[in-house]
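Fit chain B to the given chain A structure using the hints.
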Amino acid sequence: MRSESSPGDPEKERRKIKCVKKMKDIMIGYYMEAKSAAATGKKVAWITSGGPVEPLIAMGVIPVYPENHGAMIGAGKMGVDLCEKAEEMGYPRDLCSYARADIACSTVNGGPIGGLPKPDFLICCNNICGTVLKWYEVQARYYNVPLFIFDTPFIHTEFTNEARTYVTRQMEDYIMFLEEVCGIKMDHDKMNDVGKLSIQSMKLWQDVLDTTMHKPAPMSAFDAFFHLALIVTLRGTQIVVDYYIELLDEMKQRIAGEISMVPDEQYRLLWDNLPVWYKTRWLSEKFASHHACLVADTYTSAWSGVVHLLDENNILESMAMAYTSVYINISIDRMFEKIKTMVKKYDIDGMVMHSNRSCKPYSFGQYDLRKMIANEMNLPVLIIEADMVDERSFSKGQIETRIDAFMELLKQ
Amino acid sequence: MNALNIFHETANNLYACAEKWKKATGKKVVGYFCTYAPEELIYAAGALPYRIFGSKGNITLSDSHLQSYCCSFARACLEEALSGKIGFLDGTVFPHTCDTIQRLSDIWRLNAGFSFHIDVVLPVKLNTESAKAYNTDVFKKFKKDLEAALETEITDEKLRQSIRLYNSIRKALAEIYTMRSELPEIITGKDMHAIIQASMVMDRNHLFENLTTVLETLKGNKGSTKKSRKKRLVLAGGICSQPDIHTIIEDSGGAVVWDDLCTGTRYFSGKIDDTPDPVKAIADRYFERAVCPAKHVSNTYRGENIVRIAKERNAGGVIFLFYKFCDPHGFDYPYMKSYLDKEKIPSLLVEVENQLPADGTIRTRLETFVEMI
Numbered sequence: 136m137r138s139e140s141s142p143g144d145p146e147k148e149r150r151k152i153k154c155v156k157k158m159k160d161i162m163i164g165y166y167m168e169a170k171s172a173a174a175t176g177k178k179v180a181w182i183t184s185g186g187p188v189e190p191l192i193a194m195g196v197i198p199v200y201p202e203n204h205g206a207m208i209g210a211g212k213m214g215v216d217l218c219e220k221a222e223e224m225g226y227p228r229d230l231c232s233y234a235r236a237d238i239a240c241s242t243v244n245g246g247p248i249g250g251l252p253k254p255d256f257l258i259c260c261n262n263i264c265g266t267v268l269k270w271y272e273v274q275a276r277y278y279n280v281p282l283f284i285f286d287t288p289f290i291h292t293e294f295t296n297e298a299r300t301y302v303t304r305q306m307e308d309y310i311m312f313l314e315e316v317c318g319i320k321m322d323h324d325k326m327n328d329v330g331k332l333s334i335q336s337m338k339l340w341q342d343v344l345d346t347t348m349h350k351p352a353p354m355s356a357f358d359a360f361f362h363l364a365l366i367v368t369l370r371g372t373q374i375v376v377d378y379y380i381e382l383l384d385e386m387k388q389r390i391a392g393e394i395s396m397v398p399d400e401q402y403r404l405l406w407d408n409l410p411v412w413y414k415t416r417w418l419s420e421k422f423a424s425h426h427a428c429l430v431a432d433t434y435t436s437a438w439s440g441v442v443h444l445l446d447e448n449n450i451l452e453s454m455a456m457a458y459t460s461v462y463i464n465i466s467i468d469r470m471f472e473k474i475k476t477m478v479k480k481y482d483i484d485g486m487v488m489h490s491n492r493s494c495k496p497y498s499f500g501q502y503d504l505r506k507m508i509a510n511e512m513n514l515p516v517l518i519i520e521a522d523m524v525d526e527r528s529f530s531k532g533q534i535e536t537r538i539d540a541f542m543e544l545l546k547q
Numbered sequence: 013m014n015a016l017n018i019f020h021e022t023a024n025n026l027y028a029c030a031e032k033w034k035k036a037t038g039k040k041v042v043g044y045f046c047t048y049a050p051e052e053l054i055y056a057a058g059a060l061p062y063r064i065f066g067s068k069g070n071i072t073l074s075d076s077h078l079q080s081y082c083c084s085f086a087r088a089c090l091e092e093a094l095s096g097k098i099g100f101l102d103g104t105v106f107p108h109t110c111d112t113i114q115r116l117s118d119i120w121r122l123n124a125g126f127s128f129h130i131d132v133v134l135p136v137k138l139n140t141e142s143a144k145a146y147n148t149d150v151f152k153k154f155k156k157d158l159e160a161a162l163e164t165e166i167t168d169e170k171l172r173q174s175i176r177l178y179n180s181i182r183k184a185l186a187e188i189y190t191m192r193s194e195l196p197e198i199i200t201g202k203d204m205h206a207i208i209q210a211s212m213v214m215d216r217n218h219l220f221e222n223l224t225t226v227l228e229t230l231k232g233n234k235g236s237t238k239k240s241r242k243k244r245l246v247l248a249g250g251i252c253s254q255p256d257i258h259t260i261i262e263d264s265g266g267a268v269v270w271d272d273l274c275t276g277t278r279y280f281s282g283k284i285d286d287t288p289d290p291v292k293a294i295a296d297r298y299f300e301r302a303v304c305p306a307k308h309v310s311n312t313y314r315g316e317n318i319v320r321i322a323k324e325r326n327a328g329g330v331i332f333l334f335y336k337f338c339d340p341h342g343f344d345y346p347y348m349k350s351y352l353d354k355e356k357i358p359s360l361l362v363e364v365e366n367q368l369p370a371d372g373t374i375r376t377r378l379e380t381f382v383e384m385i
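So the protein sequences, as listed, match chains A and B.
Our numbering numbers the first residue of the first sequence as 136 and each following residue consecutively.
Our numbering numbers the first residue of the second sequence as 13 and each following residue consecutively.
Treat the hints with caution; some may be incorrect.
With a straight-line cut-off of 30 Å between C-alpha atoms, the simulated DSSO-like cross-links for lysine-lysine are [unchecked claim]: (1) B:68 / A:506; (2) B:349 / A:253; (3) A:531 / B:336; (4) A:212 / B:336; (5) A:220 / B:354; (6) B:97 / A:506; (7) A:147 / A:546; (8) B:155 / B:35; (9) B:183 / B:39; (10) B:336 / B:242; (11) A:157 / A:253; (12) B:349 / A:220; (13) A:506 / B:336; (14) B:336 / A:220; (15) B:323 / B:183; (16) A:156 / A:414; (17) A:414 / B:336; (18) A:220 / A:178; (19) A:253 / B:354; (20) B:153 / A:473; (21) A:387 / A:350; (22) A:473 / A:350; (23) A:151 / A:350; (24) A:320 / B:144; (25) A:338 / A:153; (26) A:153 / A:331; (27) B:292 / B:144; (28) B:97 / B:68; (29) B:202 / B:34; (30) A:220 / B:356.
Don't read these hints as lab results, they were simulated from the structure.
With the rest of the complex left out, here is chain A (with noise of 0.2 Å):
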């Protein structure tokens, strides 16, 4: 996560973003209030990131994203040490470095917070990856409690009839197990609220990505990586609305102030896939030495660009719908389409691919991508090989030199 600049310098201040303090403040209360949900009587559950969290919300269950975590434990820079453990637990060093980090951190409550709170139960969506699912197996017998399997069918050429019954049906039994495992019987007026705020917060969500269309943009792809934070782990809430309409002011406010987040931005680029966590700051200043800004990126939309399948007088069906459809779980010829849009959209010059040895599903399919990309839209992509949260896997001096070779390219 980002990390102020240092104070003193007006023309940094002005840039920054004034939300991030309110943002911080959020979180620790939620971390807080997740990790004396013991002593508060409150149930917890852990659940991935693109899981169908609304209906926790409604049960009154505090959601627990250990992917979140793992971000954190990223921007701490404390992911070697983490990972490093979890070979020695006999985890391959190959393995998503979140997972390794996370299942290291449950055995020594490490990690910038102490650990996360023990749960309840887990809840493993696998429409951003099959990972998920043994890193959830290896949590359920480590922690010894239920573990509820979301499944999402992938999508390669059609989301087909029978998928939809299937992530229906499950929406039932997600239902029944919350019910068994709280004790009590869902609120079905409660889980609209919940489901009609989540649908708000999404939209404002990308109501704030969406600023960036003006040129040059008010923020870049490196402060939503920060903001996001709220949409994964607390939609569903008023929280998140309340934040996202004064981020989304602020904003705003830039445009008309005409502040741009990179000072005399002359490149616009969208990046793909997840954030190298320990090097956002770096490789945010090393765009902007460019005067390059990454305006957009194909990860912090994953969590509004399906709200158009969400429908709040069906909430339950039409979210079963929704969480099958999310950018990660569908082909790499349907991720392009996206991809196409979004260069429309957000008037792009370049793309910059991380190509992420932690997510496979992310990554293969990249070299693909280029070329339709390169083909279809003479459209300039550098990929860069590093890994979101093991720095052993980021080396510097090479990444340095392919981002000053492909911007030398896109200035000529």
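Just chain B now, with coordinates in the frame of chain A:
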């Protein structure tokens, strides 16, 4: 043993055998990945189900599609397609398993150029009623897709014939395995490997006849086979494409008496019931047989299963064959090992690529392991 020649000949000449079959019959050959592909339907459609094992030799063409951190199995399979080595295939069937195969399917569909491509997007959990219903729906859809692609009708009668044949094949394979478990010297690991590999590509009627001959020959040899002094081992993992590993194990004084492999017991375990709905019966078999780590039946199933196999087969140790960059197996290994440790069953992790490395490190490690047991 003469009865085994046909299996070795097939396993050593996969492409030529399929091409020969195609030329002789004028029928179609359908490539498939892994044992989650419902072969029974492909065979009932009059086509030859051909399992894709991946190219031997250097991998070059895959490099422009798959990163270096992709497993060598996926890279070798794509190489086989892009190089034209399996150009005789009329189409490919991709069952959904791991993240890598999921993306390989996209890359394959966009680049390999076969006339049809069918994704069979199975559920990942095989333990709930809704998943079971979905699984049947998926196979029913697959039947329709396959009928359209091959321009044929898969009648219930043809399907029942195919099911009966597959049940017989699986039963024969299981009998050979059981015999080997009782008398490890009766057949070598390399022979067993050839039988399994050939079983996945041969004309299945022809296969069954040959399996029957092997079985009869083995039964006849029972009396004259000496009792084995070799250390009894179980092989666990995904696909085994390295027949030499068996020879190394045997040279080291070990014998594989059972396995938990996709190219092994997972291929033939589970019987398809004779019920009024044959497609459902095919689908339901997957809810009964052992799963691979890309599927879920419980949090502890695979750990308990490997312990059960080792005990049932009176094995002194377990060898895990691990493909570098394989996520599902990588996640399962530590807990499966710990379950074995608890029972004081030694195990060894051997990292392999689609081909064994030329140096002797694997041999040294296996020798040490077998000696230790």
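Status of the hints after comparison with the structure:
1. B:68 / A:506: Distance ~27 Å between residue 68 of chain B and residue 506 of chain A Cα, so the pair holds.
2. B:349 / A:253: Status holds; Cα separation ~25 Å.
3. A:531 / B:336: 25 Å, holds
4. A:212 / B:336: 26 Å, holds
5. A:220 / B:354: The hint holds at about 22 Å.
6. B:97 / A:506: 24 Å, holds
7. A:147 / A:546: Satisfied, since the Cα-Cα distance of roughly 25 Å is no more than 30 Å.
8. B:155 / B:35: Measuring from Cα to Cα gives roughly 25 Å; hence the hint holds.
9. B:183 / B:39: Holds, at roughly 27 Å.
10. B:336 / B:242: 29 Å, holds
11. A:157 / A:253: With Cα atoms ~27 Å apart, residue 157 of chain A and residue 253 of chain A stay inside 30 Å; holds.
12. B:349 / A:220: 17 Å, holds
13. A:506 / B:336: Since the Cα atoms of residue 506 of chain A and residue 336 of chain B sit roughly 27 Å apart, the hinted pair holds (cutoff 30 Å).
14. B:336 / A:220: Given that 30 Å is the threshold and the Cα spacing comes to 19 Å, the pair holds.
15. B:323 / B:183: 22 Å, holds
16. A:156 / A:414: 21 Å, holds
17. A:414 / B:336: 27 Å, holds
18. A:220 / A:178: OK: residue 220 of chain A and residue 178 of chain A at ~29 Å, within 30 Å.
19. A:253 / B:354: 26 Å, holds
20. B:153 / A:473: 28 Å, holds
21. A:387 / A:350: 12 Å, holds
22. A:473 / A:350: Status holds; Cα separation ~21 Å.
23. A:151 / A:350: Holds, at roughly 17 Å.
24. A:320 / B:144: 26 Å, holds
25. A:338 / A:153: Roughly 21 Å between the alpha carbons, so the hint for residue 338 of chain A and residue 153 of chain A holds.
26. A:153 / A:331: 28 Å, holds
27. B:292 / B:144: Within the cut-off at roughly 9 Å; holds.
28. B:97 / B:68: Distance of about 10 Å is within 30 Å: holds.
29. B:202 / B:34: Since the Cα atoms of residue 202 of chain B and residue 34 of chain B sit roughly 27 Å apart, the hinted pair holds (cutoff 30 Å).
30. A:220 / B:356: 24 Å, holds
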